[in-house]
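Listed below are the residues making up each chain.
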Amino acid sequence: MHALSEILPTLPQNFSLPILIVQHLSPASDDYLATYLDEKCEVKVKEADEKEKIEGGVVYLVPANYHLLVEKDKTLSLSVDSPVNFARPSIDVLFETAAEAYGSNLIGLVLTGASADGSRGLKLIKERGGLTLVQDPKTAESEVMPKAAIAEVDVDHIIPLSEIGAFLIKIERANNAKQN
Amino acid sequence: MTEMNREICDNEDIELELLLQAIKIKYSYDFTNYSRAHLMRRVKNRLQESKFANISEMLHKVLYDPSFLDVLLPDFSICVSDMFRDPPFFQEIRLSIIPILKTYPSIKIWHAGCASGEEVYSMSILLKEEGLYSKAQIYATDFNEASLGKAKDGVYDLNRIKNYTSNYQKGGGSQSFADYYTAGYNAAIFDKSLRERVVFAKHNLVTDSAFGEMHMIFCRNVLIYFDKKLKNRVIGLFLDSLVGGGFLCLGSKESVLFSGYEDRFEVFSETHKIYRKKLG
Numbered sequence: 001m002h003a004l005s006e007i008l009p010t011l012p013q014n015f016s017l018p019i020l021i022v023q024h025l026s027p028a029s030d031d032y033l034a035t036y037l038d039e040k041c042e043v044k045v046k047e048a049d050e051k052e053k054i055e056g057g058v059v060y061l062v063p064a065n066y067h068l069l070v071e072k073d074k075t076l077s078l079s080v081d082s083p084v085n086f087a088r089p090s091i092d093v094l095f096e097t098a099a100e101a102y103g104s105n106l107i108g109l110v111l112t113g114a115s116a117d118g119s120r121g122l123k124l125i126k127e128r129g130g131l132t133l134v135q136d137p138k139t140a141e142s143e144v145m146p147k148a149a150i151a152e153v154d155v156d157h158i159i160p161l162s163e164i165g166a167f168l169i170k171i172e173r174a175n176n177a178k179q180n
Numbered sequence: 001m002t003e004m005n006r007e008i009c010d011n012e013d014i015e016l017e018l019l020l021q022a023i024k025i026k027y028s029y030d031f032t033n034y035s036r037a038h039l040m041r042r043v044k045n046r047l048q049e050s051k052f053a054n055i056s057e058m059l060h061k062v063l064y065d066p067s068f069l070d071v072l073l074p075d076f077s078i079c080v081s082d083m084f085r086d087p088p089f090f091q092e093i094r095l096s097i098i099p100i101l102k103t104y105p106s107i108k109i110w111h112a113g114c115a116s117g118e119e120v121y122s123m124s125i126l127l128k129e130e131g132l133y134s135k136a137q138i139y140a141t142d143f144n145e146a147s148l149g150k151a152k153d154g155v156y157d158l159n160r161i162k163n164y165t166s167n168y169q170k171g172g173g174s175q176s177f178a179d180y181y182t183a184g185y186n187a188a189i190f191d192k193s194l195r196e197r198v199v200f201a202k203h204n205l206v207t208d209s210a211f212g213e214m215h216m217i218f219c220r221n222v223l224i225y226f227d228k229k230l231k232n233r234v235i236g237l238f239l240d241s242l243v244g245g246g247f248l249c250l251g252s253k254e255s256v257l258f259s260g261y262e263d264r265f266e267v268f269s270e271t272h273k274i275y276r277k278k279l280g
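Line by line, the protein sequences give chains X and U. Each step along the first sequence adds one to the number in this note's numbering, with nothing skipped, and position 92 is 92. Each step along the second sequence adds one to the number in this note's numbering, with nothing skipped, and position 21 is 21.
Where hints are given, some of them may not hold.
[Claimed, not checked] Among the chain U residues that face chain X by a calculated CB cut under 7 Å, a handful are:
(1) Ser35
(2) Ala37
(3) Ile224
(4) Lys228
(5) Lys253
(6) Glu254
It should be emphasised that the hints constitute simulated quantities derived from the structure, not laboratory data. Backbone N, C-alpha and C fix where the C-beta goes; we use that ideal spot for every residue, glycine too.
Only chain X is shown next, with the shape it has when bound in the complex (with noise of 0.2 Å):
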C-alpha cells in the first residue's frame, strides 16, 4: 500500500494508460483503500467491475478474494477459482491474462511483496514483447517479491521506487509521441 501510496499520486490526471493492479489483500478488506487512493490522486482509482471495459486514465485495484483477469476484448473478469500460489488475488492471473490480451502493448511492474506471486506472469509479459519493470529491492519494505521476478526473468528496468512514477509518465509521454 505504501508503495501505491508513493507511485500513483505522481500521475498527472491526463495520464492515458489504464493501470490494473493486484495487490494481496485479506478476503475481509473492503474498498477503502480505492476510496483513499482515488482521494490522494489526480487519476481516478476504483475497484475493478465485472465485465468493465478498460478504460485509459483509470486505476483498477482486484476487489478482495477475486482473481482479476483480462479478457481479449479488453473487459475485465472476475474469479473466484482457487487461489494460485495460496493468493487470491494472484498476480500471475492478472499478468497472464493480460500478456495474452495486449501483447507487446504491455507494461508489467512488480512492486514490493511477500511471495514469487507475479515472477510467472511476469516472464510471460516478457515472452510477448511486453515491457518488464521491477522496484529496486533495496527500496521495497519487502524485497522477496521483486527478487523472485529478478530471478524468473531478465527484467528490462529495476527502479527505485521513488522514480517509478516518473519513470511511467516518461513511456506514456512517449506512447503518445508514437501514437501522434
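Go by the hints and put chain U onto chain X.
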C-alpha cells in the same frame, strides 16, 4: 518474436472456439458464452496436465474419445466454493431476510449453480438455527453431475473446516459448528439432516428454462464466469423463477445492472447484492 507470439495467441483463440463448438455440437454442452479468459486458463492447465502439444490435439481427443469429456467438464465448471463465504452476507440474511421469510407459510429456495454444495449446507444450517428449515423446500442444481454428487455427499476437506468455522461464526452463527459434521479420514462429513429438505437436480443455466415460484434464489459468483449475453439471459430466467417479492442473491461483485431487467428489481441491499423482484 513478437509477431510469432501474437500469432500463437490468435491461433489459440481459434482453436478454443473450435473446441467449444465441438463440445456443443457433439455433446450439447454449450460453453460458447462463458468468459474466454477463464476457459483459456483452464484449457491451458489441462494441456499441461494431459501433455497435449496444443489445443487441436485436445479437440481431436474430445471428438474421438467421449470419456475425455468427463475429464474436461469439471475443468469448465466451478467446482469448489466456500462455506459461509462473505460472512457479512449471511449476517444480513439473518437480520433482514429471515424475518420476511418467516411471514410465509412455506418457502422455496433455489441454489443455482450449486457446485459441490458448500453454500447449500451453509443455508441449511442457517435455516435450522432460525427455525425455518422444516417449512423450506430447497433445490440445489448444477449442470455438472460430478459436482452434484459431491454436493449430495456433503463431505468436505477437513483442512478447510477451520476457515469455514470462522466464517460461520462471523456470519452470526453462535452454536458449535462441529455439531454439524463428523470428522474422519481428513474429511468432514456433514450431517444428513442438513439435506433432508434439499432436492439435488441437474439444471443447465445456459439451456434450461425457469424453475418456478421461488422465494429466494442464490447464484453467487457464477455469473462472473459467463459473458454479458449469457449473464443477462440468466437474470431474465431468475426473474421468471421468482415470486413477486422474491429475493435474488448475487456475489459481492455482481449486479443486475445493465442486464435489461434492472427496473424489474428493487435493490434490497446494495452492499450485499441482494435484489427483490418488484410486485405486479
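Evaluated hints:
| no. | hint | verdict |
| --- | --- | --- |
| 1 | Ser35 | holds (5 Å) |
| 2 | Ala37 | holds (4 Å) |
| 3 | Ile224 | holds (5 Å) |
| 4 | Lys228 | holds (6 Å) |
| 5 | Lys253 | holds (5 Å) |
| 6 | Glu254 | holds (6 Å) |
Consistency with the previously given hints is maintained throughout, with no hint failing.
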